[in-house]
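J.: Here is how the chains run, residue by residue.
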Amino acid sequence: AQTVTQSQPEMSVQEAETVTLSCTYDTSESDYYLFWYKQPPSRQMILVIRQEAYKQQNATENRFSVNFQKAAKSFSLKISDSQLGDAAMYFCAYSRGQETSGSRLTFGEGTQLTVNP
Amino acid sequence: NAGVTQTPKFRILKIGQSMTLQCAQDMNHNYMYWYRQDPGMGLKLIYYSVGAGITDKGEVPNGYNVSRSTTEDFPLRLELAAPSQTSVYFCASSPPGKNEQFFGPGTRLTVL
Chain A
1 AQTVTQSQPE MSVQEAETVT LSCTYDTSES DYYLFWYKQP PSRQMILVIR
51 QEAYKQQNAT ENRFSVNFQK AAKSFSLKIS DSQLGDAAMY FCAYSRGQET
101 SGSRLTFGEG TQLTVNP
Chain B
118 NAGVTQTPKF RILKIGQSMT LQCAQDMNHN YMYWYRQDPG MGLKLIYYSV
168 GAGITDKGEV PNGYNVSRST TEDFPLRLEL AAPSQTSVYF CASSPPGKNE
218 QFFGPGTRLT VL
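Just so you know, the sequences run in chain order A and B. Counting with my numbering, you get residues 1 to 117 for the letters of the first sequence. Counting with my numbering, you get residues 118 to 229 for the letters of the second sequence.
Capping the alpha-carbon separation at 27 Å, the derived lysine-lysine pairs in DSSO-like fashion look like this:
no.	chain 1	residue 1	chain 2	residue 2
1	B	Lys-215	A	Lys-70
2	B	Lys-215	A	Lys-55
3	A	Lys-78	B	Lys-161
4	B	Lys-174	B	Lys-131
5	B	Lys-161	B	Lys-126
6	B	Lys-161	A	Lys-73
7	B	Lys-174	B	Lys-126
8	A	Lys-70	B	Lys-161
9	B	Lys-215	A	Lys-78
10	B	Lys-215	A	Lys-73
The set of hints was computed from the structure by calculation and includes no laboratory data.
Assemble the whole structure, with the sequences as input and the hints as a guide.
T.: Below is the structure:
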């Protein structure tokens, strides 16, 4: 079974600075996807960024980027120029590659990010 | 498009009561999922469906039932509510060929 581990229950960052959230995973599959989801106090799950395992290039979405280390099974999220609106719980998640049962997600336990003004 | 909708937003149940959490999506997605999120934890998969008439268990199915009679709807049934089922429940859907899930706003359920 796949597992996802987030070892930082809480992190804090000053506004405009950079923060990195850590995630490790365990799988025997070669075809899979990794995700970072943001959950603000509204509870809505918002997809931040997605990485396909077969792509060597790290995914980037505006101020959000990942450091995907496939051999080490590590998938960290870097938030640059942090903004107050980035404060939220962040979840790392895994799903197998294309299969007939859809994209079932396995989540880590989350990292609560605080942004200080 | 409304996306994924869930009703109710909040509910308090007494131990032993039953209820159905409703989920609907208007994106014509084949795949639908139910997750639960306990306080301070990540989401865990309860049940999922690959299409109308087809459902399967996820990681934590005990105490729940589902049905999928149409592409749009995927209700979750709690037959005998227990305090351990106090949680936030999320429904999600995804289209075939894309590993991206669209989440509903969640239902906060308290069992007393």
